[in-house]
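Peer 1: If you want the building blocks of each chain, they are given just below.
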Amino acid sequence: MNNKGAVLVFGLVIILVLSVLASSFYFKSINENTLTKRYVESIRAFWLAEAGLARAIDLIPAFDITNATLLDNNANYTYSTRGSVETINATTNLYTINSTGSVRMPSGGAVTRRITAEAVEVTTGPDAANFPFAIETTTSLDIRGAVTINPSDSKKEHSTLDFAALFGSTKSDMESHATHVYTPSTLGAVDGITWVNVPAGSTLTIAGDLAGSGILIISGNTHFSGTVDFNGIIYVIGTLTMTGTVTTNGSVLAESSTTVDTTIKGHVTLNWDQAQINTALDLLSSSTSSIVSWKEN
Amino acid sequence: MCLPPGSSVKSRAFTLVEALAGTLIIGVVMAALCVALTIGETSRSISTAQVDLQANVRGVLDIVVRDFRQTVTQQIVNSEPVPSTTYAKFRPVQRWNITNANYELDANFTEYNYSAANTTLTRNILNSVGVVLSSRNFYNITAIPFYTVDTSDESVVPLTKDGLQASNGRVVIVIAGQEFARQGRILSYNLTEEVKVRNE
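Sequence lines, in order, name chains B and U. Note that the working numbering gives residue 118 to position 118 of the first sequence, counting from 1, and the numbers run on in steps of one. For the working numbering, count along the second sequence from 1 and bump the result up by 1000.
Next up, chain B with everything else stripped away, as it sits in the complex (with noise of 0.2 Å):
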């Protein structure tokens, strides 16, 4: 009898057996793999979809967060971002932002989590209220010849002006923050927030031609002589007088008292304009958004 052909079908066998133990391990195996790195990726799609939103509301107001698509620069992680705004008043809107995180899996389809948050962008800055008149100062306001002021009753003199209280910040936080730092000598353009230093003894003189807009400070004693032509708001921590040719729209204001004599040459026309005082302002407002509610899809 021969019996060699046992061990064939023996070791055939053995292996059948390791095999099918190998191969359910190995799919086992696999599986998981696939599990815990789908489990990852969602991990990583939930903070992509929190960086989405992140990003828009760090770009509120300037983002069109209705139409715009955010994604990262890797096409296989992306966030995506979708919402509505709504104007509850002036100075607040209302927005609902949902942003979709998302990771392409190696294998095909994608790892997705959504969040939806809302978030309430409230808009500061000073009260356009705190500027009613044409040109108002803390002691007397000397008007000598024929000043246009428009509304005719639009000036006041005594007046208590408390500047923080009127811009919503300190002197020197505007100074820090102004668009322009001069002193006399380098007095340039005149736009946004300008603020001028005077030496004490000192008399900014403008002899020439002055054209500007925004918030100008000045720092000092103040003689309008040439033709100034402004927009906006006009602050003078010092005398101030206007003998020139000036126009201002919007409101004057200085912190002593204020001379303004059109009989010595010139031409002064203070208009008080509510809306070039809100352009001015403008430039000191400043808006904050923050999360309200959020919640995950």
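It should be emphasised that the hints constitute simulated quantities derived from the structure, not laboratory data. One or more of the hints may lead you astray.
What follows is a list of derived Cβ distance ranges for each label pair [to be verified]:
(1) B:165 to U:1084: 31 to 39 Å
(2) B:10 to U:1113: 56 to 64 Å
(3) U:1151 to B:105: 47 to 55 Å
(4) B:61 to U:1113: 43 to 51 Å
(5) U:1113 to B:11: 25 to 33 Å
(6) B:11 to U:1013: 56 to 64 Å
(7) B:105 to U:1157: 33 to 41 Å
(8) U:1129 to B:33: 45 to 53 Å
(9) U:1020 to B:12: 34 to 42 Å
(10) U:1098 to B:55: 54 to 62 Å
(11) B:285 to U:1113: 21 to 29 Å
(12) U:1193 to B:92: 19 to 27 Å
Far from chain U, by Cβ distances over 10 Å, these chain B residues were calculated [claimed, not checked]:
(13) 24
(14) 94
(15) 157
(16) 223
(17) 287
What you are looking at is a predicted structure, and each value in this text was computed from that prediction instead of being measured. Note that the Cβ used here is the ideal one computed from N, Cα and C, for glycine as well.
Dock chain U against chain B, hints included.
Peer 2: Leaving out everything else, chain U in the frame of chain B:
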């Protein structure tokens, strides 16, 4: 085989000694194979149980974290019964009510209740009067799950109403799972995650 002319071969059977020796060798080989296969199968079984346990713990933690993250801190703080290491109840946020400047909350409560005796964490959905609308049990959870953070030294402390209030909504969730494998082996695995409740 080529034999010389005139020669002959006498065919004979295995001797008893040869047969016994062969049987012994085959027996030893079979026994060794059985032991190897048993060890392999046991190892595979334990590994499978271990990965199952890990997947289950991750799944439970994910569910709990999602629930806590999207509620309001005050919802947990002011719940009745009060929050503890084994209990929490809250309502998810739906949206912000801009008119009233407060949250619009889901009508139903999410409730977590841990039973150390049963090693079970139960997630109930309750309606406004406390009737259980749905329930889900997570079994073989072997440790109390809810903690918060003591902000004075950033240490993890048991969840209390005042502790959660002081930490401004930081909940530390511990899911410690257990699974029984072959040969009476007990596998354990736990995950911890700190959650900041997103609505304050």
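Peer 1: All hints, please: hold or fail.
Peer 2: To see whether the hints hold, each was checked on the structure:
Hint check: residue 165 of chain B to residue 1084 of chain U, Cβ distance near 50 Å, so the stated range 31 to 39 Å is violated. A hinted range of 56 to 64 Å holds for the C-beta pair residue 10 of chain B and residue 1113 of chain U, which are about 58 Å apart. A C-beta distance of roughly 39 Å is found between residue 1151 of chain U and residue 105 of chain B, which places it outside the suggested range of 47 to 55 Å. Range check, residue 61 of chain B to residue 1113 of chain U: Cβ separation about 45 Å, and the 43 to 51 Å hint holds.
For the pair residue 1113 of chain U and residue 11 of chain B, the supplied restraint of 25 to 33 Å is violated, since their beta-carbon distance comes to about 58 Å. In this structure the hint that residue 11 of chain B and residue 1013 of chain U lie 56 to 64 Å apart at CB is violated, the actual value being about 25 Å. Checked against the hint of 33 to 41 Å, the pair residue 105 of chain B and residue 1157 of chain U passes, with Cβ atoms roughly 39 Å apart. Distance hint check: the CB atoms of residue 1129 of chain U and residue 33 of chain B are about 46 Å apart, consistent with the given range 45 to 53 Å.
Restraint check, residue 1020 of chain U to residue 12 of chain B: a C-beta distance of roughly 26 Å breaks the suggested window 34 to 42 Å. In this structure the hint that residue 1098 of chain U and residue 55 of chain B lie 54 to 62 Å apart at CB is violated, the actual value being about 23 Å. Taking the beta carbon of each, residue 285 of chain B and residue 1113 of chain U are about 51 Å apart, not inside 21 to 29 Å as hinted. For residue 1193 of chain U and residue 92 of chain B, the Cβ-Cβ distance of about 35 Å falls outside the hinted range of 19 to 27 Å, so the restraint is violated.
Non-interface call for residue 24 of chain B relative to chain U: violated, since the shortest CB-CB distance, roughly 7 Å, does not exceed 10 Å. Listed as outside the interface, residue 94 of chain B is inconsistent with that label: its C-beta sits roughly 5 Å from the nearest C-beta of chain U, within the 10 Å cut-off. Every beta carbon of chain U lies more than 10 Å from that of residue 157 of chain B, the smallest distance being close to 43 Å; the non-interface claim holds. Listed as outside the interface, residue 223 of chain B is consistent with that label: its C-beta sits roughly 51 Å from the nearest C-beta of chain U, beyond the 10 Å cut-off.
Interface exclusion of residue 287 of chain B from chain U stands, the closest Cβ pair being 16 Å apart, more than 10 Å.
Hints 1, 3, 5, 6, 9, 10, 11, 12, 13 and 14, counting from the list given before, are not met by this structure.
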